[in-house]
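Q: Numbering follows the numbering used here, with no gaps: position 211 of the sequence shown is 214.
It should be emphasised that the hints constitute simulated quantities derived from the structure, not laboratory data. One should not assume that every hint holds.
Stated by the list, open to error - Computed list of lysine-lysine pairs in DSSO-like fashion (alpha-carbon distance at most 30 Å, straight line): (1) 265 / 194; (2) 197 / 270; (3) 151 / 86; (4) 207 / 197; (5) 242 / 218; (6) 218 / 194; (7) 270 / 151; (8) 242 / 197; (9) 270 / 242; (10) 86 / 197; (11) 218 / 151; (12) 207 / 194; (13) 86 / 207; (14) 218 / 197; (15) 242 / 157; (16) 270 / 218; (17) 242 / 265; (18) 194 / 151; (19) 157 / 197; (20) 197 / 151; (21) 157 / 270; (22) 218 / 207; (23) 207 / 242; (24) 270 / 194; (25) 157 / 207; (26) 207 / 151.
Unchecked claim - Ranges of calculated distance between the beta carbons of each label pair, as one might list FRET restraints: (27) 125 / 73: 26 to 34 Å; (28) 96 / 130: 36 to 44 Å; (29) 257 / 218: 27 to 35 Å; (30) 271 / 89: 22 to 30 Å; (31) 292 / 264: 20 to 28 Å.
All C-beta atoms, glycine included, are put in the ideal place defined by N, C-alpha and C.
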Amino acid sequence: MKKVFISWMYVALSLLIVSAFLAIIFAVRSSTGPGLVLTAESEKAEPNQVASDANDPNQKDRRPLPSAHDNPAFGQLYEQREKMVRRQIERRGVRDPNVLNAMQTVPRHAFVRGGDLHRAYDDSPLAIGLGQTISQPFIVAYMTEFLKLDPNSKVLEIGTGSGYQAAVCAEIAAEVYTIEILEELAESAKKRLKELGYRNVWVKAADGYFGWAEKGPFDAIIVTCAAGFVPPPLTQQLKSNGIMILPLGSPYGAQRLVLITKDHEGKILSRELIPVRFVPMLGRVAETEK
4 MKKVFISWMY
14 VALSLLIVSA
24 FLAIIFAVRS
34 STGPGLVLTA
44 ESEKAEPNQV
54 ASDANDPNQK
64 DRRPLPSAHD
74 NPAFGQLYEQ
84 REKMVRRQIE
94 RRGVRDPNVL
104 NAMQTVPRHA
114 FVRGGDLHRA
124 YDDSPLAIGL
134 GQTISQPFIV
144 AYMTEFLKLD
154 PNSKVLEIGT
164 GSGYQAAVCA
174 EIAAEVYTIE
184 ILEELAESAK
194 KRLKELGYRN
204 VWVKAADGYF
214 GWAEKGPFDA
224 IIVTCAAGFV
234 PPPLTQQLKS
244 NGIMILPLGS
254 PYGAQRLVLI
264 TKDHEGKILS
274 RELIPVRFVP
284 MLGRVAETEK
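Please take these sequences and the hints and turn them into a complete structure.
A: Okay, structure coming up:
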């Protein structure tokens with residue numbers, strides 16, 4: 004009887020030890036939270052790495068990161084941007100949620116001259132120096148919506164100006180390549196976009212007539228200066244099923260926004276949209292039109 008009693012004590016003690024061990028395992032697993040997988044030290048995921056130069060177009064085989072949005076400008080005048088989007092843009096028929104969100108996000112006041120800060124969210128274009136302007140917010144949104152951008156889009160912009168239109172496109176697209184013929188504006192826009200944290204925008208000082216062939220073809224091309232004709236290199240750099248929007252007409256007379264598409268066979272189609280007023284395209288186009 005004594006041996007039987009001792010045997011049962013061993014059994015009970017063993018069960019107690021096993022139960023305690025299982026309770027410890029369960030507690031450790033629970034502390035990681037549901038769905039969290041612990042990895043070995045050698046399998047730790049590396050954090051995203053930011054390129055040393057966000058405006059270096061020679062860096063290949065990497066998907067550019069979008070704006071970090073940690074610059075204080077993104078948090079400033081938010082209510083004014085919200086009012087701008089609601090009253091000037093959404094009310095006039097722009098419906099693409101990506102475009103509305105981009106217009107709500109990008110701090111337009113960071114792209115205007117200091118003396119125009121109080122007018123940054125007005126329903127009008129503003130001078131930025133050297134005879135150039137930052138476009139009216141509605142026109143920026145209107146043109147962007149027609150491009151039908153998505154997170155995989157590669158965009159070419161002709162006419163960087165202050166960099167505002169490029170920033171709006173960069174909120175949606177994967178890559179934005181923008182060309183400005185005036186070197187002073189190109190450098191200031193490049194610096195501004197970098198300070199704001201845009202890692203997927205590349206700026207080049209050059210004649211936009213020739214596009215950016217080595218980075219093409221492009222899903223979308225947006226031209227923010229007026230010409231009397233479409234520069235042939237731009238249609239060549241447009242992908243099949245790509246979209247281009249640009250103002251066509253006399254630099255000092257009637258202009259209309261024109262939407263151009265290239266079908267899968269390379270056929271170019273166009274249609275007129277609305278009357279507009281843009282600064283003239285400089286460089287090769289201006290020389291041809293003399």
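Q: Determine for every hint whether it applies to the structure shown.
A: Going down the list of hints, with the structure as the test:
{"no.": "1", "hint": "265 / 194", "in the structure": "34 Å, violated"}
{"no.": "2", "hint": "197 / 270", "in the structure": "38 Å, violated"}
{"no.": "3", "hint": "151 / 86", "in the structure": "24 Å, holds"}
{"no.": "4", "hint": "207 / 197", "in the structure": "14 Å, holds"}
{"no.": "5", "hint": "242 / 218", "in the structure": "12 Å, holds"}
{"no.": "6", "hint": "218 / 194", "in the structure": "21 Å, holds"}
{"no.": "7", "hint": "270 / 151", "in the structure": "19 Å, holds"}
{"no.": "8", "hint": "242 / 197", "in the structure": "28 Å, holds"}
{"no.": "9", "hint": "270 / 242", "in the structure": "11 Å, holds"}
{"no.": "10", "hint": "86 / 197", "in the structure": "27 Å, holds"}
{"no.": "11", "hint": "218 / 151", "in the structure": "20 Å, holds"}
{"no.": "12", "hint": "207 / 194", "in the structure": "12 Å, holds"}
{"no.": "13", "hint": "86 / 207", "in the structure": "33 Å, violated"}
{"no.": "14", "hint": "218 / 197", "in the structure": "20 Å, holds"}
{"no.": "15", "hint": "242 / 157", "in the structure": "10 Å, holds"}
{"no.": "16", "hint": "270 / 218", "in the structure": "22 Å, holds"}
{"no.": "17", "hint": "242 / 265", "in the structure": "7 Å, holds"}
{"no.": "18", "hint": "194 / 151", "in the structure": "28 Å, holds"}
{"no.": "19", "hint": "157 / 197", "in the structure": "19 Å, holds"}
{"no.": "20", "hint": "197 / 151", "in the structure": "25 Å, holds"}
{"no.": "21", "hint": "157 / 270", "in the structure": "20 Å, holds"}
{"no.": "22", "hint": "218 / 207", "in the structure": "12 Å, holds"}
{"no.": "23", "hint": "207 / 242", "in the structure": "21 Å, holds"}
{"no.": "24", "hint": "270 / 194", "in the structure": "38 Å, violated"}
{"no.": "25", "hint": "157 / 207", "in the structure": "16 Å, holds"}
{"no.": "26", "hint": "207 / 151", "in the structure": "24 Å, holds"}
{"no.": "27", "hint": "125 / 73: 26 to 34 Å", "in the structure": "27 Å, holds"}
{"no.": "28", "hint": "96 / 130: 36 to 44 Å", "in the structure": "27 Å, violated"}
{"no.": "29", "hint": "257 / 218: 27 to 35 Å", "in the structure": "33 Å, holds"}
{"no.": "30", "hint": "271 / 89: 22 to 30 Å", "in the structure": "37 Å, violated"}
{"no.": "31", "hint": "292 / 264: 20 to 28 Å", "in the structure": "25 Å, holds"}
Going through the hint list in order, the structure does not satisfy hints 1, 2, 13, 24, 28 and 30.
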